[in-house]
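Here the protein sequences line up with chains A and B, keeping their order. Add 1 to the 1-based position in the first sequence for my numbering, that's all there is to it. Add 1 to the 1-based position in the second sequence for my numbering, that's all there is to it.
In short, the hints are calculated from the structure, not lab data. Incorrect hints may appear among the rest.
Copies of the same chain look alike in the list, so a pair counts if it works inside one copy or between any two.
[To be verified] Cut-off 16 Å, straight-line C-alpha distance, at most; resulting in silico cross-link-like pairs (EDC-like, lysine to aspartate or glutamate):
#, residue 1, residue 2
1, 38, 50
2, 287, 229
3, 196, 126
4, 196, 22
5, 38, 94
6, 196, 273
7, 117, 139
8, 7, 46
Every value quoted in this text rests on a predicted model; they were computed, and no experiment measured them.
Number of protein chains: 2
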Amino acid sequence: MAANLKTIVSSATQTVEISRDGPTVIIGERINPTGRKVVLQALREGNFDIVRQDAKEQVAAGAAILDVNAGVPGADEPALLQQVMRAVMEVTDVPLCIDTANPKALEAALKSYRGKALVNSVNGEERSLNTVLPLVEEYGAAVIGLCMDDNGIPDTPEKRLAVADKIIERAARLGIDVANVIIDPLALTMGADSKAGWIALRTTELIVREFGVNISMGASNISFGMPDRRYINATFIAMAIHAGLTCPITNPLVPEVAIAILAADLCMGRDDYGMRWIQAYRQRAKETAAQA
Amino acid sequence: MAANLKTIVSSATQTVEISRDGPTVIIGERINPTGRKVVLQALREGNFDIVRQDAKEQVAAGAAILDVNAGVPGADEPALLQQVMRAVMEVTDVPLCIDTANPKALEAALKSYRGKALVNSVNGEERSLNTVLPLVEEYGAAVIGLCMDDNGIPDTPEKRLAVADKIIERAARLGIDVANVIIDPLALTMGADSKAGWIALRTTELIVREFGVNISMGASNISFGMPDRRYINATFIAMAIHAGLTCPITNPLVPEVAIAILAADLCMGRDDYGMRWIQAYRQRAKETAAQA
Numbered sequence: 002m003a004a005n006l007k008t009i010v011s012s013a014t015q016t017v018e019i020s021r022d023g024p025t026v027i028i029g030e031r032i033n034p035t036g037r038k039v040v041l042q043a044l045r046e047g048n049f050d051i052v053r054q055d056a057k058e059q060v061a062a063g064a065a066i067l068d069v070n071a072g073v074p075g076a077d078e079p080a081l082l083q084q085v086m087r088a089v090m091e092v093t094d095v096p097l098c099i100d101t102a103n104p105k106a107l108e109a110a111l112k113s114y115r116g117k118a119l120v121n122s123v124n125g126e127e128r129s130l131n132t133v134l135p136l137v138e139e140y141g142a143a144v145i146g147l148c149m150d151d152n153g154i155p156d157t158p159e160k161r162l163a164v165a166d167k168i169i170e171r172a173a174r175l176g177i178d179v180a181n182v183i184i185d186p187l188a189l190t191m192g193a194d195s196k197a198g199w200i201a202l203r204t205t206e207l208i209v210r211e212f213g214v215n216i217s218m219g220a221s222n223i224s225f226g227m228p229d230r231r232y233i234n235a236t237f238i239a240m241a242i243h244a245g246l247t248c249p250i251t252n253p254l255v256p257e258v259a260i261a262i263l264a265a266d267l268c269m270g271r272d273d274y275g276m277r278w279i280q281a282y283r284q285r286a287k288e289t290a291a292q293a
Numbered sequence: 002m003a004a005n006l007k008t009i010v011s012s013a014t015q016t017v018e019i020s021r022d023g024p025t026v027i028i029g030e031r032i033n034p035t036g037r038k039v040v041l042q043a044l045r046e047g048n049f050d051i052v053r054q055d056a057k058e059q060v061a062a063g064a065a066i067l068d069v070n071a072g073v074p075g076a077d078e079p080a081l082l083q084q085v086m087r088a089v090m091e092v093t094d095v096p097l098c099i100d101t102a103n104p105k106a107l108e109a110a111l112k113s114y115r116g117k118a119l120v121n122s123v124n125g126e127e128r129s130l131n132t133v134l135p136l137v138e139e140y141g142a143a144v145i146g147l148c149m150d151d152n153g154i155p156d157t158p159e160k161r162l163a164v165a166d167k168i169i170e171r172a173a174r175l176g177i178d179v180a181n182v183i184i185d186p187l188a189l190t191m192g193a194d195s196k197a198g199w200i201a202l203r204t205t206e207l208i209v210r211e212f213g214v215n216i217s218m219g220a221s222n223i224s225f226g227m228p229d230r231r232y233i234n235a236t237f238i239a240m241a242i243h244a245g246l247t248c249p250i251t252n253p254l255v256p257e258v259a260i261a262i263l264a265a266d267l268c269m270g271r272d273d274y275g276m277r278w279i280q281a282y283r284q285r286a287k288e289t290a291a292q293a
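Sequences are here, hints too, so could you generate the full structure?
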């Protein structure tokens, strides 16, 4: 068993610690035009009102970090990503997770960012390792490493562990502390493969046991194509927290998911006297009363 | 890692297999006067209508086995337990889990039961081991072993593992196959100890790794004294299934719990093509439509 590592990320004014000793850190997923036409259209028009709204709402619902993606086809991503980041930072102080596949956009974002950013993401492909990791090192960031490489996404937990090993080892060679590498075991769609959930859970266990690193996961795709997705996502995220997930990328505005994360922390003994659970309950009761 | 064991229980006409390869087996908890005044009063009056109703509803909601408890203070438990069992068997064919601390009631129940019963429970106390295990052996039953002994309930997973070890070893000495011993790690109230959930989860992992036995758990007490208990219970049961729980003793009439169990099986890769999930969704949709 490897010791549990702590990852620190920060904004100019806030520090967030990700670890297996503390509460689960929610990385809000919503500032992303992929699959959200209204956001896509607004970004195309240079309108950042939805971005500001998404930022405020997610933080109010419990996000401690916000993922920021400006992947608009045909747009000048380096410029657009910085505009989106600025819009977010106008309304909230939480640290950001810079989500781009464009090395120029990543470098520009890191250069302008005040604090220690989280980079989403590197993977085991040579091209990715060679472009992303040097930037992570240069700007002293933390990074999410996806368990895929030049051969695609491995179909067994053991092979995904090997990709995690490769990413951690390559980061270490550049002087990046293993505590600054967060691994995403990749939760694929169970609609396509009934074992997809199990593979992600098992991969998480193997990686935590071997390296003690923090684990992230885009935990909403798992239920794609299934009915009542929110229940599946809520249950899966709780099971993944038990397996070792520490910083899910998810939508805290889905009440079932936010509640499951709080309940999972409580059941893991990470909520002393149930104070966070009880506080969230009171907040829900107040909101329900206000709506009535 | 011990190999996963299979436990078979049966009624006169139905067989249920409990294992880590198949879906979670729900043991319905409701036929129990403890803390249910209306049941207590009905049993005192020799009225078994509620028992029949509870039996039918729990099976319809997904219980594969029914726990039957007739612990009415001052009553003739051997006689009452058999009456309750008969009432249940009038309306359903599922196997029963005979839940009594009274050795005479247990023996009479086992003598009259047709099939292979599950006995709830033995524990690590000498008196319990010496009275319950011989009956389990004589009647070829399976048994739930609670992780407590003459010194009470141990406060660490390692010490609870030692109690499980003792129960399994003592059963083996009498010729009871380890596959017929199901261990309950004991989920205590988190309201009294923030670590109670974690201890139960960790104990489950240790026991599964060491012995491969099936795991049961009364998974509703965990949230006692907390608000919004159903959410905590649903989340905890999903995490416990990930840890190795195979046959929770719970109330399938709580929708959040029943849904979490189905979702957990789906996420563990135990629901091929999501057929059970989709079928349950359709059933819920039908019931909602019928109510509208």
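Structure-based check of all given hints:
{"no.": "1", "hint": "38 with 50", "result": "within (14 Å within a copy, 56 Å between copies)"}
{"no.": "2", "hint": "287 with 229", "result": "between (26 Å within a copy, 14 Å between copies)"}
{"no.": "3", "hint": "196 with 126", "result": "neither (24 Å within a copy, 41 Å between copies)"}
{"no.": "4", "hint": "196 with 22", "result": "between (29 Å within a copy, 12 Å between copies)"}
{"no.": "5", "hint": "38 with 94", "result": "neither (27 Å within a copy, 53 Å between copies)"}
{"no.": "6", "hint": "196 with 273", "result": "between (35 Å within a copy, 8 Å between copies)"}
{"no.": "7", "hint": "117 with 139", "result": "within (11 Å within a copy, 67 Å between copies)"}
{"no.": "8", "hint": "7 with 46", "result": "neither (40 Å within a copy, 61 Å between copies)"}
The structure is inconsistent with the numbered hints 3, 5, 8, although it conforms to all the rest.
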